[in-house]
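Asks: Single-letter residue listing:
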Amino acid sequence: MSLHPLTALTAACCAAVVTTAAASWQLSVAVALAAALLAARAGVAARVLAAAGVILAPLFLSLLVLHGLFFLEGHTVLAQWGPARVTAEGLGFALELGTRTAACVLLLLLFSFTVSVPDLVTALAARRIPPQLSFVLASTLILVPAMAGRLEKIRQAQEARGLVVGRGPLSRLAAARLQAVPLVLGLVEDAGLRAQALDARGFGLPGPRTSYRQLQDPPAQRIFRAAALLLAAAAVVLRLMTAWPTAVPS
Amino acid sequence: MADGGALVSAASASARIRSFSFHGDAAAALRDIRISFLPGTLTAVLGGSGSGKSTLGKLLAGWLRPGHSGVMRGSLALGAERLDFDGGSGDPRINPAVWSARVGYVPQDAAAIISTVRSNVAEELAFGLENRGVPRPEMIRQVARVAEQTGLSGLTERDPAELSGGELRRLAVACAVIAGPEVLVLDEPMASLDAAGASGLRNLVAGLLDAGTAVVVLSQRADVLARSAGRWIILDGGTAVADGSPADLQEGAALRDAGVVQEGGAAGMPGTLPAPPALPAVLELRGIGFGYGAGTPRGGAGPGPAGDPARAAVLRDLDLTLRAGEIVAITGPNGAGKSTLLRHANGLLRPQTGDVVVAGTNIAGVPAGRIAARVGVLFQQPRDQLFERTVLREVSFGLRRLAGAGAGDRAQEALAAVGLAGAAQAHPAELPSSQQRLLALATVLARRPAVIALDEPTVGLDRPGLERLQHAVTGAAARGAGVVMVTHDLAYARANAHRVLALDGGNLREL
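Protein sequence lines, in the order shown, are assigned to chains A and B.
Residue numbering for the first sequence follows my numbering, beginning at 4 and increasing consecutively.
Residue numbering for the second sequence follows my numbering, beginning at 292 and increasing consecutively.
Isolated chain A, as found in the complex:
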């Protein structure tokens, strides 16, 4: 399967827009499952799910605390401790928001872990996107693997000097705290030298650029992209035209 990177990007973004517009937890769960399934087929399930866990766990926790316990519009009280009330509406709202976010996060992670960065840069350059912008985008996509590689090196260096990383979450958290500062400082330091190297290779030059790599963009994929964009636009319009749901807090 050779998807043009823009086709993959359009598919991921449109699916996220439609899921958000539909605001149905059943659809969100279905989309999240589909994304996880596709990730498994592409062989990146472990990385996608791990990254999603890091992003979503704190979010779910805060949703549960904010809406599960303190949802002002809630009527059906399930339990109460002082000002904190667990209401059915609050839990429902947390569920809806949580699954929707999970679906969007999984879709975008699936895209970023499967897209070929060089293909994406080529595709963006062909559409006259400023190269600096597409480089930033590409660097962001390779940042996660680059960070993982650097973290591994820092961990090895620390283990070689007596850091014992246990299996428990507390031990891992303590190790992560020791690695965070070196990681950020290392990335910043890398960036400085890389900027000089990019400058030397003409990256800052204004004017037209050419592309060595060539991409196939079959007509079927162009039609698919147009259709997906139309569908997403239609979903948004439909959403705006139908009545706002009553339970949206301002």
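Hints listed in this document are in silico derivations from the structure and should not be mistaken for laboratory results.
Just so you know, even glycine gets a beta-carbon here, dropped at the ideal spot from N, CA and C.
You may find that some hints are simply not true.
One-sided excerpt, in silico: chain A residues whose CB lies under 8 Å from chain B [said to hold, decoys possible]:
id : residue
1  : ILE145
2  : VAL167
3  : ALA200
4  : ARG204
Derived, one-sided and incomplete: chain A residues facing chain B with beta-carbon distance under 10 Å [to be verified]:
id : residue
5  : SER119
6  : LEU123
7  : VAL124
8  : THR125
9  : SER142
10 : ALA149
11 : ALA163
12 : GLY165
13 : VAL168
14 : LEU196
15 : LEU201
16 : ASP202
17 : GLY207
18 : PRO211
19 : GLN217
Start from chain A and add chain B according to the hints.
Replies: Only chain B this time, still in chain A's reference frame:
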């Protein structure tokens, strides 16, 4: 100095640096340097660690720009064009993209020049042409030509992140060469190359000289490439202390005083070491088998593509016994598995078959952090070993748990042993690379491990650095530590080890 008017007009480039200082530094990093480069000539700029070689190279190539990176007084000339700087706001500005097309620079860390957003060698080569808007048919021609010239023709479809050290160095040179510079500056090009990589690079330089490029080599070793230069400039403390032909300078005091390593054993002690007393073994590798396959990240190679096919075994049924007080050297070409072997000693890698026994204890299942109390490893890339904010914090990391109240003294002692006592508050990343390696060595020494494993310890060390290394190694062996070092420098190995072994086909044999 031979710097007459006629010479300047024929030169590809020349520089007159009265002074250059980085913003915020009171002292000048460079002063009183006059150099010029003629087309088709090789010049070697030699000097010890911190002598200002890299600063000079970057300044010549526009990686450091007067006004932008620091204050410069003097002039830079390219062909007939000359820029004068007096450190004021009216100074001319250098456009790095335009300048570097005429003066190429290949940094010490060759990986730094790679864009990281290209999927294969051919596209990486084309990156500089794309930015300059070269039409695609012309790009294809130039990529093929430069790949041929730099010996990369067979590698154009390879992922740059997967290249060996020697291949990466050639790619970095090719990326600079493809812009067609009149002058090419190579910073420590021979460091960490094995014999095959070094001869490939020498051929490449010879080809560039034939094509009329002025090549400048910055090095702290008077190695075979530097010895083939027509002219040497010796830097010490940021200034040129001698300038002339290699024949005139190689026996002189300037070269020695500047800390340049004379290749051929100036740092090693003559002859072989006397055999150590037969003490008990501190490290035993028994029947070790190991290969990189799917799911086993290769140390230092960065993230590989998903679904990498399983690779062949790197180590096969390998045995090694290291006794207390013994110094063993292991040699072999790049990619033979030397670093892989060393990483088994402290549990950073685990054998797929066989056992690793440290001081009588099998380390299977023992966390690497606990093995670290008995085994210290000096990594191949010092930057991979250093992660703290100051030199002192770096040496002190994890030391208190090991040495308790004596940690502070041990840290100071280790820094003094490698000559960094005066740099305790410096930032490790800002040290010259030679001192970074010595700092990494200090972090190992401070822990006084029973086994010291050194991965290419001589790379990038100047003469004083090599002396400190040798002192540290013999000192550690004398107090009963077993030392195993991996090096591609056979002469150093012979002069400084009790036994020399070759790693070949996944196995060790006596040399």
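Asks: Compare the structure with each hint and give your call.
Replies: These are the hints, each one checked on the structure:
| no. | hint | verdict |
| --- | --- | --- |
| 1 | ILE145 | holds (6 Å) |
| 2 | VAL167 | holds (3 Å) |
| 3 | ALA200 | holds (5 Å) |
| 4 | ARG204 | holds (4 Å) |
| 5 | SER119 | holds (7 Å) |
| 6 | LEU123 | holds (9 Å) |
| 7 | VAL124 | holds (5 Å) |
| 8 | THR125 | holds (9 Å) |
| 9 | SER142 | holds (7 Å) |
| 10 | ALA149 | holds (8 Å) |
| 11 | ALA163 | holds (5 Å) |
| 12 | GLY165 | holds (4 Å) |
| 13 | VAL168 | holds (7 Å) |
| 14 | LEU196 | holds (5 Å) |
| 15 | LEU201 | holds (7 Å) |
| 16 | ASP202 | holds (4 Å) |
| 17 | GLY207 | holds (5 Å) |
| 18 | PRO211 | holds (5 Å) |
| 19 | GLN217 | holds (8 Å) |
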